[in-house]
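Heads up: the protein sequence lines correspond to chains C and F, in order. According to this note's numbering, the first sequence is numbered sequentially starting from 251. According to this note's numbering, the second sequence is numbered sequentially starting from 20.
Don't read these hints as lab results, they were simulated from the structure. Each residue gets a CB set at the ideal place from its N, CA and C atoms; glycine is no exception. A few of these clues could be false.
[Unchecked claim] Derived pair list, reagent style DSSO-like, types lysine-lysine, alpha-carbon separation capped at 30 Å:
#1 C:K307 <-> F:K87
#2 F:K87 <-> F:K119
#3 C:K261 <-> F:K61
#4 F:K119 <-> F:K61
#5 F:K119 <-> F:K20
#6 F:K131 <-> C:K307
#7 F:K87 <-> F:K20
#8 C:K307 <-> C:K261
#9 F:K87 <-> F:K131
#10 F:K20 <-> C:K307
#11 F:K119 <-> C:K261
#12 F:K131 <-> F:K61
#13 F:K20 <-> C:K261
[What the hints assert, rightly or not] Some but not every residue of chain C turned toward chain F, in silico, with C-beta under 8 Å:
#14 A272
#15 W277
#16 Y314
#17 F355
#18 G356
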Amino acid sequence: DAEITQSPRHKITETGRQVTLACHQTWNHNNMFWYRQDLGHGLRLIHYSYGVHDTNKGEVSDGYSVSRSNTEDLPLTLESAASSQTSVYFCASSDPGAGGSEAFFGQGTRLTVV
Amino acid sequence: KQEVTQIPAALSVPEGENLVLNCSFTDSAIYNLQWFRQDPGKGLTSLLLIQSSQREQTSGRLNASLDKSSGRSTLYIAASQPGDSATYLCAVEIYNQGGKLIFGQGTELSVKP
C-alpha cells in the first residue's frame with residue numbers, strides 16, 4: 251500500500267542547531283506539504299512543493315527551508331532551531347486534479363527545542 | 020482570508036448516541052472539504068472528502084454534508100462507539116490554491132461506554 255512516512259518520530263535538539271526532518275511518500279504525488287500543529291493555532295502551512303525543484307513558502311515559513319530533488323522526498327530543515335519551533339510537524343501529499351484531491355498525512359514528528 | 024471554525028471544541032456523549040460535528044468557513048470559493056480523524060499522538064487519517072459540486076458523502080456510520088453557499092459542513096456519526104473517541108478536523112482546499120489546506124481547530128470527541 252502507498253504511504254507517507256516521516257522520520258524521526260521524536261527529536262530533541264538544542265537551540266541554534268540545524269535540524270532536518272524527513273518525509274517520504276510512495277503515492278507518486280506531485281504535491282507535498284509541511285504543516286506544524288500547535289495548541290491554539292491548529293495546523294499551519296510551512297512550505298510546499300508542486301514538483302521536483304519547485305518549492306514555495308507557506309504561512310509560517312520563517313526559519314525553515316525545503317528542497318525537492320525527487321518526487322518522493324521533501325525534507326524540512328530548521329536552519330537554526332529556536333524554542334518557538336517546538337511543535338509537531340506533519341508532512342502531507344496530494345495529487346493535483348480537477349476539483350482538488352484527497353490529502354494524505356504522515357504520522358508526524360514531535361520536535362522539542364531546548 | 021479563509022477562516023475555518025469548528026464548534027464545539029469538545030464534546031462528550033454516551034455510547035450509542037448519534038451526533039453532529041460542525042464546520043464553518045468564510046469563503047465559499049473552495050475545491051473541496053475534507054474531514055480527518057486524529058488520535059492522540061498520531062497523524063491525520065482522512066475520513067471523507069466532499070468535492071464542491073457534491074452535497075454529501077457517506078462512509079459506513081459517517082455522513083458528511085456540504086453547503087457551500089452558507090459556508091457549512093457537518094459530520095454525522097451514527098451509533099457512536101468508544102472507539103470513535105478522537106479529535107475530528109475539517110479542512111478546506113481553497114479554489115485555485117494548489118492543494119493547500121486551511122484547517123479548523125478541531126472537535127475533541129469523547130464517547131463514554
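Here is what the structure says about each hint:
Restraint check for K307 (chain C) and K87 (chain F): satisfied, since their Cα atoms lie roughly 28 Å apart, inside the 30 Å limit. Using a Cα cut-off of 30 Å, the hinted pair K87 (chain F) and K119 (chain F) holds, with the two alpha carbons roughly 18 Å apart. In summary, the hint linking K261 (chain C) to K61 (chain F) is supported, as the alpha carbons are separated by about 15 Å, within the 30 Å threshold. Between K119 (chain F) and K61 (chain F) the CA atoms are separated by roughly 21 Å; this keeps the pair inside 30 Å, and the hint holds.
Between K119 (chain F) and K20 (chain F) the alpha-carbon distance is near 13 Å, which keeps this suggested pair within the 30 Å criterion. Note on K131 (chain F) and K307 (chain C): the hinted pairing is violated, with a Cα-Cα distance of about 42 Å set against a maximum of 30 Å. Proximity of K87 (chain F) to K20 (chain F) is assessed by CA-CA distance (about 16 Å); at most 30 Å being required, the pair is judged to hold. Taking the CA atoms of K307 (chain C) and K261 (chain C), the gap is near 24 Å; set against the 30 Å cutoff, the hint holds.
For the hint pairing K87 (chain F) with K131 (chain F), the CA-to-CA distance comes to about 33 Å; that exceeds 30 Å, so the pair is violated. Taking the CA atoms of K20 (chain F) and K307 (chain C), the gap is about 17 Å. The hint holds against a cut of 30 Å. Between the alpha carbons of K119 (chain F) and K261 (chain C) the distance comes to roughly 26 Å, so the proposed pair stays at or under 30 Å and holds. Taking the CA atoms of K131 (chain F) and K61 (chain F), the gap is near 21 Å; set against the 30 Å cutoff, the hint holds.
About 34 Å separates the Cα atoms of K20 (chain F) and K261 (chain C), which puts this hinted pair outside 30 Å; it is violated. At a threshold of 8 Å, the smallest CB-CB gap from A272 (chain C) to chain F is about 15 Å, leaving the interface hint violated. Interface hint at W277 (chain C): violated, since its Cβ lies 12 Å from the closest Cβ of chain F, which is beyond the 8 Å cut-off. At its closest, the beta carbon of Y314 (chain C) sits 16 Å from a beta carbon of chain F; the interface hint therefore is violated under the 8 Å criterion.
Hint on F355 (chain C) holds. Least Cβ distance to chain F is approximately 4 Å, under the 8 Å limit. At its closest, the beta carbon of G356 (chain C) sits 6 Å from a beta carbon of chain F; the interface hint therefore holds under the 8 Å criterion.
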